[in-house]
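Chains as they are written, first to last, in the numbering used here: chain A, 1018 to 1783; chain B, 36 to 138.
These are calculated hints, taken from the structure and not from any lab test. All clues stand as given, with none of them false.
Computed cross-link-like contacts, DSSO-like style, restricted to lysine-lysine with a CA-CA straight-line distance of at most 30 Å:
| # | chain 1 | residue 1 | chain 2 | residue 2 |
| --- | --- | --- | --- | --- |
| 1 | A | 1763 | B | 110 |
| 2 | B | 114 | A | 1753 |
| 3 | B | 45 | A | 1424 |
Beta-carbon label-pair distances, calculated as ranges:
| # | chain 1 | residue 1 | chain 2 | residue 2 | range |
| --- | --- | --- | --- | --- | --- |
| 4 | A | 1142 | B | 106 | 23 to 29 Å |
| 5 | A | 1751 | B | 114 | 16 to 22 Å |
| 6 | B | 64 | A | 1751 | 36 to 42 Å |
In silico negatives: residues of chain B with every beta carbon more than 10 Å from chain A:
| # | residue |
| --- | --- |
| 7 | 57 |
| 8 | 59 |
| 9 | 92 |
| 10 | 120 |
C-beta atoms are modelled at their ideal positions from N, C-alpha and C, and glycine is treated no differently.
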Amino acid sequence: MKRILLLASLLPALAFSQEQNKFAQLEQELPTPNEYRNAAGAPGHNYFQQKADYKIEVEIDDETQKLTGKETITYTNNSPDRLEYLWIQLDQNVRADDSDSKLISVERMEDFRSIGDLEKKMFYFDGGFKIEEVKTTSGKNLSYSINKTMLRIDLVKPLAPNGVISFNIKWWYNINNRMKVGGRSGFEHFEENDNYLYTIAQWFPRMCVYSDVEGWQNKQFLGRGEFALPFGDYEVSITVPADHIVGSTGELQNPNSVLSTTQRSRFKKAKNADTPILIVTQEEAETAEKKEQEIKGKKTWIFKAKNVRDFAFASSRKFMWDAQGVDIGGKKIMAMSYYPKEGNPLWERYSTKLVAHTLKTYSKYTVDYPYPVAISVHSKWIGMEYPMICFNGGRPEADGTYSKHTKYGMWGVIIHEVGHNFFPMIINSDERQWTWMDEGLNTFVQYLTEQEWERGYPSRRGPAHLITNYMRGDKDRISPIMTNSESIWQFGNNAYGKPATALNILRETIMGRELFDHAFKIYCERWKFKHPTPADFFRTMEDASAVDLDWFWRGWFYTTDHVDISIDAVDWFELNSGNPTIEKAKAKMEMESSDEHIGVSRNKKSIKETVNERDGDIDDFYGKHDIYNVDALDIQEYEDFKNTLAKAQLELLNSGKQIYEVTFSNIGGLPMPLILEFSFTDDTREVIRIPAEIWRRHEQKVSKVFVFDKEVSSLRLDPFLETADTDLDNNSWPTKKQPSRYELFKKKNLRENPMQRDLRLKELNN
Amino acid sequence: MLSPNSKEFKAVEAYLNTHFKVWTKELVQFKLIGSEVSLSGTTNFYLESEVIDIGTELRITFDLLMNTYQQQQNKVTLKHRNNKYTETFLYTERTQIITLENK
Chain A
1018 MKRILLLASL LPALAFSQEQ NKFAQLEQEL PTPNEYRNAA GAPGHNYFQQ
1068 KADYKIEVEI DDETQKLTGK ETITYTNNSP DRLEYLWIQL DQNVRADDSD
1118 SKLISVERME DFRSIGDLEK KMFYFDGGFK IEEVKTTSGK NLSYSINKTM
1168 LRIDLVKPLA PNGVISFNIK WWYNINNRMK VGGRSGFEHF EENDNYLYTI
1218 AQWFPRMCVY SDVEGWQNKQ FLGRGEFALP FGDYEVSITV PADHIVGSTG
1268 ELQNPNSVLS TTQRSRFKKA KNADTPILIV TQEEAETAEK KEQEIKGKKT
1318 WIFKAKNVRD FAFASSRKFM WDAQGVDIGG KKIMAMSYYP KEGNPLWERY
1368 STKLVAHTLK TYSKYTVDYP YPVAISVHSK WIGMEYPMIC FNGGRPEADG
1418 TYSKHTKYGM WGVIIHEVGH NFFPMIINSD ERQWTWMDEG LNTFVQYLTE
1468 QEWERGYPSR RGPAHLITNY MRGDKDRISP IMTNSESIWQ FGNNAYGKPA
1518 TALNILRETI MGRELFDHAF KIYCERWKFK HPTPADFFRT MEDASAVDLD
1568 WFWRGWFYTT DHVDISIDAV DWFELNSGNP TIEKAKAKME MESSDEHIGV
1618 SRNKKSIKET VNERDGDIDD FYGKHDIYNV DALDIQEYED FKNTLAKAQL
1668 ELLNSGKQIY EVTFSNIGGL PMPLILEFSF TDDTREVIRI PAEIWRRHEQ
1718 KVSKVFVFDK EVSSLRLDPF LETADTDLDN NSWPTKKQPS RYELFKKKNL
1768 RENPMQRDLR LKELNN
Chain B
36 MLSPNSKEFK AVEAYLNTHF KVWTKELVQF KLIGSEVSLS GTTNFYLESE
86 VIDIGTELRI TFDLLMNTYQ QQQNKVTLKH RNNKYTETFL YTERTQIITL
136 ENK
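Next up, chain A with everything else stripped away, as it sits in the complex (with noise of 0.2 Å):
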């Protein structure tokens, strides 16, 4: 419906405001910015961290998947304060036997529905750590206490600052059978041959980080909140059986002792290919498995890494292992596979190419890959990341034949786990408080991977759409992104999507690509081989940016609130010109169109002759005035009108101009930009962006006027679904309700599988 706007009704409106706090500055959420760590999000002029370095030796026993290993830590205390004692972690003790983990996990009596049930949770593992030793350099026993998975060392002196101090630890533990007693690390046992697969982490004791924001982070591992580690140089000498194969973080030290002539040659060619190169074929990783000449004995492979936070490894005579060389930042990095047959035809045709690309586009968006190898495992079921190295599923059937699903879950596993060299493994966030700094993060990073793979690549998780479901969701059962890891509702959406999403609508919407992408990589270089917060990210991408984002960090990672904005109203104007030639005459036609009385119709025809059309003298002033007539006075006022506008003013009067007035409503709470796509009645379209700062004073309704040349036709509401908008049915008008799933199916009639469509396809071609 059309309204007339008469000139002198443009009264401004005047807008109350009321008490706000959806735009209110996170300052006093966020810690005060000192001299570790500047209000600007950057590293401060005094920031510190620790460096622990570590000499290990470690030895795989394969016939009874034991572990045993002596380390050598020297520990540099770059803090300035006196360290009375030093926190270690012992990871593996979440397998043992008081493990709080196992006491914690919530438990109904329905779940124990079979004896398979029963089985399982009297399953007896006898795992995690047997400290055999924990000495000085000099052989004298250190004083040390276990509070379960963090060991405390006492030192006789305290460590003062820029002290430095190495002590021995010897220790065994039982390597985890993964596929019965699951985990992060563990072996998987192949019946055929009868062959071991390891894939070795949280394996030797490892100092705690001790920061400037949390003292010694030693917050019990409960099994899902991540690591927390410093950065230090390690020299590790991995013994394992003679015919093994040994994929590890680092450089191989002595490829003359481990590697045959022919391996050597075989990665030396690689370093300069443009596509893989097999270092182990499948055939000789077969002959190898069936140990047909078992090579009797042990072999020792020596690993250096520099500036890493951990160190894993990988090893198997079943192994086959690829390489090419990458060149990134004017280095060759080697992007490298190593896989059982077991994950063929898929690991040899695409892993190490998924590793190369995955290092340059990171690389692009963060910061240059700084380490000299890159690697990709195949263990069945898991993804799980490590410097320089990770462990990841995305196995074939055993015929060889794999499903799409299969196939896209390799691919994504490994662009994920390869992205975590940048995040946390470089960009060094705390993982045992904050998973989303990790695996939001990357999981962004992997959404722009994944795209630059493949046009059109199926990604889980970034585009805001996708999150839609989740966030409209039970609010008691939903955390805020700012929760602490063990903590966490819905893990996977609350710290790999949402956060992803939220990163992926600054880029896209909030902040736009280049101001998106500049503070991004300040980011990450301002934070690499350092240990970032959220308040250094919160302040670094908008003190890179000019942009006000402590709305968005507000909403989208404090509160569970969601998007859904609504259109509520959409009034339509049109200028009143004050010509009375023009409006009379329109006024009339309006009347003539206008909907008529049945009666008024029937009579007309019924009615042969009134009174006063009979009578001539019935009509007085009233019955014989046509009120559409313009008489001269009409003109002059018209005139007079005219005189008091300037030539502008009187030009936009008669300029026909269309004037909407559209309401919206913000019913899931958080605020968002209008993206408003009005269509004409001419067919054409014009985008309007309004940003989110309109609901600064207005949280819940606002208003906005419109004007235009031409008319509109439709409009919509986020109309590139880029929003995040769980309500699409209150984004239009005329009102537009989105066709349901189930009408879509059934429009498309997939009663039929594919191969029963393509039998009518040839029957039809018949």
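Could you slot chain B onto chain A? The hints should help.
Just chain B now, kept in the frame of chain A:
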């Protein structure tokens, strides 16, 4: 996509009917008419009932996957006339009642 004549299709239909139940005056019988698996990780199953008198109140039990995943959260969004109702189902709250507004 599963073929409607396959054993698997019948098994899925039976499983869905066990873990997604809707009562009006009586239990609504659903027939699985098909499914779609999207590569973004979502699977859609489409169920259809005969024409029923929907009445004013629906009792829904929806505990699909909850025996395997305790944190599974199920949601029903019901569109009826011009109204939209959403209910969430948790391990501890597997049954919900939707009262329909007759407008």
